[in-house]
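Student: The primary structure of each chain is shown beneath.
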Amino acid sequence: MVTSRAERWALAPVALLLLDAEVRVLDANHEFLRMIEVPDVEAVAGRRLADLLTVGGRIYWETHVSPLLHIEGRVDEVAVELRTPHGREPVLLTATEREVRGERLVEVAMLSARERSRFEQELVGARRAAEDAERRVRLLHGIAADLASVAGLDGVVWVLLRTAVTLLGAGDAALWTAQESGPLRRWGGAEALAAPTIDELTEPAVREDGTVVVPLRTAGALLGVLALAPRRAAGADPLDLGTAAAAGQLAALALARATTHEQSVSVASELQGAMLSDGIVDDPAVEISARYRPGVHDLQVGGDWYDTFRVAPDVVALSVGDVVGRGLKAATSMGQLRTAVRAASDTGLPPEEVLGRLDRFVDRTGTGFMASLVYAELDLGRGALRYTCAGHLPPLLVPADGDSHYLWEARSTPLGVRGTTPRVADTVALAPGDLLLLFTDGVVERRDRPLGLALDELAEIVTNALEAGLDGEDLLAAVVARAPQDDDACLLAVRWLGPRTTDGPAPAVEPTAGSAGGPSADEERPG
Amino acid sequence: MVFAHGFGGDQSMWRYVAPVFATDHRVVLFDHSGCGASHPTAYDPDRHADLSGYVADVVEIVEAVADDPVTLVGHSVSAMIALLAAAERPDLFDRLVLVGPSPRYIDDDGYHGGFTAAEIDELLETMDANYLGWTQAMAPVIVGNPDRPALGDELAEVFRRNDPAVARKFARVTFLGDNRADLVRVRTPCLVVQSRVDVIAPLEVGHFVHEHLPDSDLVVIDSVGHCPNLSHPALLVAAMRDWLGGDRW
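Protein chains in written order, with the UniProt record's numbering: chain E, 1 to 527; chain B, 1 to 249.
Bear in mind the hints are in silico, worked out from the structure with no lab data behind them.
Each residue gets a CB set at the ideal place from its N, CA and C atoms; glycine is no exception.
Mixed in with the good hints, there may be bad ones.
[As the list claims (entries may be wrong)] FRET-style restraints, in silico, Cβ to Cβ:
1. B:Asp68 - E:Asp20: 22 to 30 Å
2. E:Asp20 - B:Asp217: 25 to 33 Å
3. E:Arg136 - B:Asp68: 14 to 22 Å
4. E:Ala126 - B:Tyr111: 37 to 45 Å
5. E:Ala126 - B:Ala118: 51 to 59 Å
6. B:Ile221 - E:Asp20: 12 to 20 Å
7. B:Ala118 - E:Asp40: 29 to 37 Å
8. B:Glu60 - E:Asp40: 54 to 62 Å
9. E:Asp51 - B:Leu124: 41 to 49 Å
[Unchecked claim] To list a few chain E residues with every Cβ distance to chain B over 10 Å, as calculated:
10. Val55
11. Glu62
12. Ala195
13. Thr413
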């Protein structure tokens, strides 16, 4: 028997609703009443559809579905939830709008979406997990790359505090590092970020205010604690404990590496300091000052050195050099080679033969291969300077009464390298008050330009500093201040004051006297 | 006259209102970052982590399009964005029209915002449940422009590229913020347009906004729902015309 259309609407196996222009219920079929567990239409008649939804569904209806319905006259397959006496009923909703005799009516059909909803939730969950994993990996890569770019404790701390905000999404971050003795040392973070409790030293934890605290451990040892405070903005995501914990593992490894590194750096720099400490000859005929400044970007010490010592009562030897490499090994090689220079020199032995002896030392020991070196001997009585450069930048001579110039003679290959040119030396005669500057290549700012230009600039810097009245340590400090920061810079300044008198300090220098220089010096100097 | 759309839509939410004013105003419409056809790179999770990023966007837009102070019309969350922009840069704004404003959606001690914190969490859940259908469901809003059907596919493509996660964040920014204390900072004359029935921004909230704004008028229009700009455009337009062209001007 064929039923009426009205009956078929009432008994359709899908929930059907008829709504008025203000989306209030005019009629509902059996399936809908069954879904929300009410006995008859009277229980819902006149109520707004939005009120039958969960609150989330209501807002979604108002902000998304209703506008769409107004514009398109139709919405399809929108997932919302109905409120029922026993909780929620997920449904898929389709609605159309039409006009009947000038009145706007909305027809709604709903299908239970319990199964689909479960399936979708799994899909959403899987998708979100995949997105989270991808984001986490990308983020950890970023942190690892940043940590790899720094060496010392300061650098690691700086990177951790910065990436906590830029990559991990923290509003504020503080780090505590373990010290050899005493309490944890705090770095960064506002006061509101409280120090970790005992419990927080063992396991990553989330505080009540959303702050994530991660102990940094390697092989069981506590190296520090990282605390990340969440951002306060309403739209900010909460901090992810898992990501923070993974970042903590990277941080712990970096801290361990930084600690080892700093120990090695401090051993190397102490060693280097000790080796350079005895290098200044004290004599009234000469003013000697020296300066060593380690590069800042790499905390490792380099293999630069300076040295002065007597080879005869009236002769002072000067050496400035640079062994290849950095760190503890370079520092020890430097010490050996510097001592070897002292051992190789001898009263009356010409500088080129000193280099020959050093070549043999390098051959035998392997220490100092490719090291560069300027070696010179200054006769304190006559002012004669005999010098030789093995692969090293030329010394700068600043006469007391003339223009400065580099000593370009007497050049040969670095130590241990047998070139076609023999080891050679040259002699210049100094006048009282003349200044000689020996330096390593870290003093010269290269910046991808020809060496000549860089050396001209150095000469100008020295001249300007002298004109500004700087001398000795102050002069060297001014020069070093202009040197590139990333490399080690080593400088030795030697000013010959003239033959010493037997009963007093060296005579005052009269730059205008111009009579003390030897004949060869006169040739080189403009009148 | 600059129109700023609310949460859940794009500039097409003004399709029945803006054209009416275009006859005697220069009308500027835009999509908020992360909404509609906005360029995917315009959205910055840091900048847009709270309303201040959207406020800065509006200030930049107004500075770019107008030499003189403008009338800014903001719907829903954009009503708050408009208020914050005017508090910060009163020189840019002549008048504000606030459609369904709410400075705080969550109930507080003595304040009725309409929702509990748990209910807002539920909204975020609902958005998650629609995660798969999210973009598809909203695409017709922007592509359904009968005047320019050719735009359809192109815009749908743009829209599909938009990140549902962004919409979710915008929901957090919208519904978890509290800007009640900012109302008193606004010196610009405001019109508060309140729907008679609005579950998102109830009547009480409309009164609260009106009472706390130093210079405002309140009009309750006989509309139902949070989007009178779509459901009852004629009532909204009349209220706006009345106020904008009224005696005080």
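Student: Each hint should be assessed against the structure and marked as holding or not.
Tutor: These are the hints, each one checked on the structure:
At roughly 45 Å, the beta carbons of B:Asp68 and E:Asp20 sit outside the given window of 22 to 30 Å. Look at E:Asp20 against B:Asp217: about 31 Å separates their beta carbons, and that is inside 25 to 33 Å. Distance hint check: the CB atoms of E:Arg136 and B:Asp68 are about 50 Å apart, inconsistent with the given range 14 to 22 Å. A beta carbon spacing of about 40 Å between E:Ala126 and B:Tyr111 agrees with the range 37 to 45 Å that was offered as a hint.
For E:Ala126 and B:Ala118, the Cβ-Cβ distance of about 26 Å falls outside the hinted range of 51 to 59 Å, so the restraint is violated. For B:Ile221 and E:Asp20, the Cβ-Cβ distance of about 19 Å falls inside the hinted range of 12 to 20 Å, so the restraint holds. The hinted range of 29 to 37 Å is satisfied by B:Ala118 and E:Asp40, whose Cβ atoms lie roughly 31 Å apart. Separated by about 57 Å at the C-beta atoms, B:Glu60 and E:Asp40 satisfy the suggested range of 54 to 62 Å.
Between E:Asp51 and B:Leu124 the beta carbons are some 20 Å apart, a value that contradicts the proposed interval 41 to 49 Å. Not every beta carbon of chain B lies more than 10 Å from that of E:Val55, the smallest distance being close to 4 Å; the non-interface claim is violated. Consistency note on E:Glu62: stated as away from chain B, yet its beta-carbon is not over 10 Å from all of that chain's, at 4 Å minimum. Distance check for E:Ala195 against chain B: the nearest CB is about 28 Å away, which clears 10 Å, and the non-interface claim stands.
Distance to chain B confirms E:Thr413 as a non-interface residue, since its nearest Cβ pair spans about 56 Å, more than 10 Å.
Checked against the numbered hints above, the structure breaks hints 1, 3, 5, 9, 10 and 11 and satisfies the rest.
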